[in-house]
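Each chain is listed here by its residues.
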Amino acid sequence: MDADNTDRLIVRAIAAIPYRRPSAGFSAKVMAEIAAVEVPLPWWESVLTASGLIVAVWAAALVFVSARLVYVNLADIAALFIQPGGFSQTLNLLAARTALVMVKAAAALKFASGLLSAAAAGLPAWHETAAAALLCSAAIAALSKSGRVSVQKTGI
Amino acid sequence: MIMGETDIELVRRCLGGDNSAFAGILEIYQDRIYSFALRLLKDQHAAEDAAQETFVKAFRGLSSYNSAYPFSSWLFRIAHNVAMDVLRAGNKTVSMDEEDFHELPDPARSVEDSVAASIDAARIEALLGSLPPLYSEALLLAYREDMGPAEIARVIGAPEGTVKARLFRARELVKKGLKLKVEGVQPFGGFDRIN
Numbered sequence: 000m001d002a003d004n005t006d007r008l009i010v011r012a013i014a015a016i017p018y019r020r021p022s023a024g025f026s027a028k029v030m031a032e033i034a035a036v037e038v039p040l041p042w043w044e045s046v047l048t049a050s051g052l053i054v055a056v057w058a059a060a061l062v063f064v065s066a067r068l069v070y071v072n073l074a075d076i077a078a079l080f081i082q083p084g085g086f087s088q089t090l091n092l093l094a095a096r097t098a099l100v101m102v103k104a105a106a107a108l109k110f111a112s113g114l115l116s117a118a119a120a121g122l123p124a125w126h127e128t129a130a131a132a133l134l135c136s137a138a139i140a141a142l143s144k145s146g147r148v149s150v151q152k153t154g155i
Numbered sequence: 000m001i002m003g004e005t006d007i008e009l010v011r012r013c014l015g016g017d018n019s020a021f022a023g024i025l026e027i028y029q030d031r032i033y034s035f036a037l038r039l040l041k042d043q044h045a046a047e048d049a050a051q052e053t054f055v056k057a058f059r060g061l062s063s064y065n066s067a068y069p070f071s072s073w074l075f076r077i078a079h080n081v082a083m084d085v086l087r088a089g090n091k092t093v094s095m096d097e098e099d100f101h102e103l104p105d106p107a108r109s110v111e112d113s114v115a116a117s118i119d120a121a122r123i124e125a126l127l128g129s130l131p132p133l134y135s136e137a138l139l140l141a142y143r144e145d146m147g148p149a150e151i152a153r154v155i156g157a158p159e160g161t162v163k164a165r166l167f168r169a170r171e172l173v174k175k176g177l178k179l180k181v182e183g184v185q186p187f188g189g190f191d192r193i194n
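Chains as they are written, first to last, in numbering that gives the first Met the number 0: chain F, 0 to 155; chain R, 0 to 194.
Pulled out of the complex, with its shape left as it was, chain F reads as follows (with noise of 0.2 Å):
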């Protein structure tokens, strides 16, 4: 008898003893216990579920103000409506506005847009920019590494 064969007789052994059985509500245990476990949202889902309720309170708040406003104004509205041509006429009073809110918005980004091209002469250009950068890095990097061999050696 060679101890490879002693081996496989230990392997095949152990390969045999038989699996026991956990007593008979263990299933029933674990199963009532992961109904009360609360799984963790994924990270996304907790962002998504934080967006809605902002947009949610938003949208209330609005909701709320406009109410405000519509019921302050409820008697002036209703004239409006009520006189012939009234709402054709509320429909210009929008789009003119709109229109208004339009150009004014449009004359906003030019002078933003004009603003920072005059900001922009005034820059170094990027490869400068970039250059200086590195350099400051490599300076930083230096003295902190120099810093560092100084405190071993003196062993502070």
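Calculated from the structure, these hints are not laboratory results. A quick note: this is a predicted structure, and the numbers were derived from the prediction, not measured. It is possible that some hints are incorrect.
These stretches of chain F come out as covered by chain R in the derived footprint (C-beta under 8 Å, 3 or more residues) [what the hints assert, rightly or not]: (1) 12-18; (2) 54-61; (3) 111-124.
Derived pair list, reagent style SDA-like, types lysine to any residue, alpha-carbon separation capped at 25 Å [stated by the list, open to error]: (4) Lys163(R) to Ala15(F); (5) Lys144(F) to Ala131(F); (6) Lys28(F) to Lys163(R).
A few chain R positions that, by computed beta-carbon distances, are all more than 10 Å from chain F [unchecked claim]: (7) Glu8; (8) Ser34; (9) Asn65; (10) Asp84; (11) Ile118; (12) Ala141; (13) Ala152.
From the three backbone atoms N, C-alpha and C, an ideal C-beta is built for every residue, glycine too.
Chain F is already provided as a structure; the job is to place chain R on it using the hints.
Chain R in isolation, oriented as in the chain F frame:
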């Protein structure tokens, strides 16, 4: 559980929000995990608690399971960690000192002869119960759960070389235990260490 459903399909259903699919996983693994815990902890209540904790932890962490590896080794890894925590909480020491191994038997031919005649599953099971848990664990994972050294290494979180050495030492300890039984001596009476 739908007949023939694989672990991965059950896991996918669980991840899709179908908690009842976990009953399928439980059905497949409850005996294996419980037996594994029982042989390490040597106490029915502790083993049942450990098995329960293993399944609950598995359920909680199901989204972190990497399907590139077998589900069984992931589950056994959780069971291993739970069992080791229980053993440590019970003030069992964790040691890999050389002194643990100096009594390994010399696998001489005469020893082999006496050992071979006394090998059967019941004796081996009793012997596994008297081995230090890390050795019985290595033997069970290798030969009862049919895992290779690489898979066992993933389960117990040790290098593959350590697993191979542990398996070798475990087999030698089993042979020594069988020899002592043949001679009528109680094997490994003093072992209650994690390894």
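### Query
Which earlier hints can't be squared with this structure?
2, 3, 6, 8, 11 and 12
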